[in-house]
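A.B. asks: Let the sequences and hints guide you as you build the complete structure.
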Amino acid sequence: MNTTVTLGKTGITVNKNGFGALPIQRISMEEAGKILQKAYDGGMNFFDTARFYTDSEAKIGEALSSIRNHLYIATKTGAQNADDFWKDLHTSLTLLKTDYIDIYQFHNPSFCPKPGDGTGLYEAMEEAKKQGKIRHIGITNHRLKVAHEAIDSGLYETMQFPFCYLATEKDIEIVNRCKKENMGFLSMKALSGGLITNSAAAYAFQAQYDNALPIWGIQRESELDEFLSYIQNPPVMTPEISELIAQEREQLAGNFCRGCGYCVPTCPAGIEINNCARMSLLLRRSPSELQLTPEVQEKMKKIEDCIHCNQCKSHCPYGLDTPALLEENYKDYQEVLAGKPLA
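Numbering (the working numbering), first residue to last: 71 to 413.
Since the hints were derived computationally from the structure, they do not count as laboratory data.
This structure is a prediction, so every number in the text was calculated from the model and none was measured.
Hints should not be assumed to be uniformly reliable.
Lysine to any residue pairs mimicking SDA-like chemistry, simulated, CA-CA at most 20 Å apart [stated by the list, open to error]:
(1) K167 with I137
(2) K240 with C386
(3) K240 with K167
(4) K203 with G81
(5) K108 with N85
(6) K215 with A270
(7) K371 with G389
(8) K371 with L407
(9) K401 with R319
(10) K157 with T168
C.D. replies: Structure follows, in structure tokens:
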């Protein structure tokens, strides 16, 4: 079984275990450094971060700059114009302690940046590549329409898109189109934001797609150890794993919050929507005491402050009725607090 993946026309070939560095925002510089170094020593050589991930870039720079030329780094900019693009790029290069970024990605734009669109964004990407500050141009997205447009454009060398064993046929089409167009594919949310708890099944699913590089969000050493073990002993699809995935799809696929968080900044009530709108699933799939702390109770109580402005709904890339989901989850949460089992 091939445990490496080549990212399309970039020619970048790495272990089929990408390190997703969003979660290391939540741990100390020392803890992050230990995990990042162990990941590299264990065989991981692709690290994905973003300017948006607070101090994630700084932690990678601190831990891995001495071995920079032995690994690949992808980061992202959420800039809306060329001036902010250059500011983000300079900041990322400084924090990562490097003079180049292997894959620089537009971070979930609501449109597909192209030359001549008036934003100057793609032109800035091209100039940064010409200057040698970036090696390859990529895009990340949660929207099928933008993803297809990016593939159609021929302007991008990589696509990062949500992909896990809860994927729909429409999601799978994106992966297959990228392969056909020789465009690198990075699977974001390969564990569906923590709802998928069987990493072996998650890996076995990804292994069926030889062009997909899963980006595993890692913040604990125990999580890292699981994925490092798959370098030597990669899980494969078995009847048991296939049956598990079928059961999980029946329970989870469809109308559920993926936890992407793109609605959160729009909430005037300050509701932590990306966790509150999927609390029922979290209660069913993780030890309930983790979700019943005073801190979490306080966050859930904020749902009472919802003014039904529908800003979250309009920003959901999956078209969910977010206010309705919040109400359903708050009702379930109150039932559990009252000692009643969830149906």
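A.B. asks: For each hint, tell me whether it holds in the structure or not.
C.D. replies: So, going through the hints one by one against the coordinates:
1. Simply put, K167 and I137 have alpha-carbon atoms about 11 Å apart, close enough for the 20 Å limit, and the pair holds.
2. Distance restraint check for K240 and C386: the Cα-Cα separation of roughly 17 Å lies within the 20 Å cut-off, and the hinted pair is therefore satisfied.
3. The suggested pairing of K240 with K167 is violated, with an alpha-carbon distance near 39 Å, which exceeds 20 Å.
4. With a CA separation close to 18 Å, the supplied pair K203 and G81 stays within the 20 Å bound.
5. Between K108 and N85, the direct Cα distance comes to roughly 15 Å. Compliance with the 20 Å bound is thereby established for this hinted pair.
6. A distance of roughly 31 Å separates the Cα atoms of K215 and A270; the hinted pair therefore is violated under the 20 Å criterion.
7. Our distance criterion of 20 Å between C-alpha atoms is broken by K371 and G389, whose separation comes to about 24 Å.
8. At most 20 Å may separate the alpha-carbon atoms for a hinted pair to count; K371 and L407 meet this at roughly 12 Å.
9. A threshold of 20 Å between alpha carbons decides the hint, and for K401 with R319 the separation of about 24 Å lies outside it, so the pair is violated.
10. With a CA separation close to 15 Å, the supplied pair K157 and T168 stays within the 20 Å bound.
In this structure, the hints that do not hold are numbers 3, 6, 7 and 9, in rising order.
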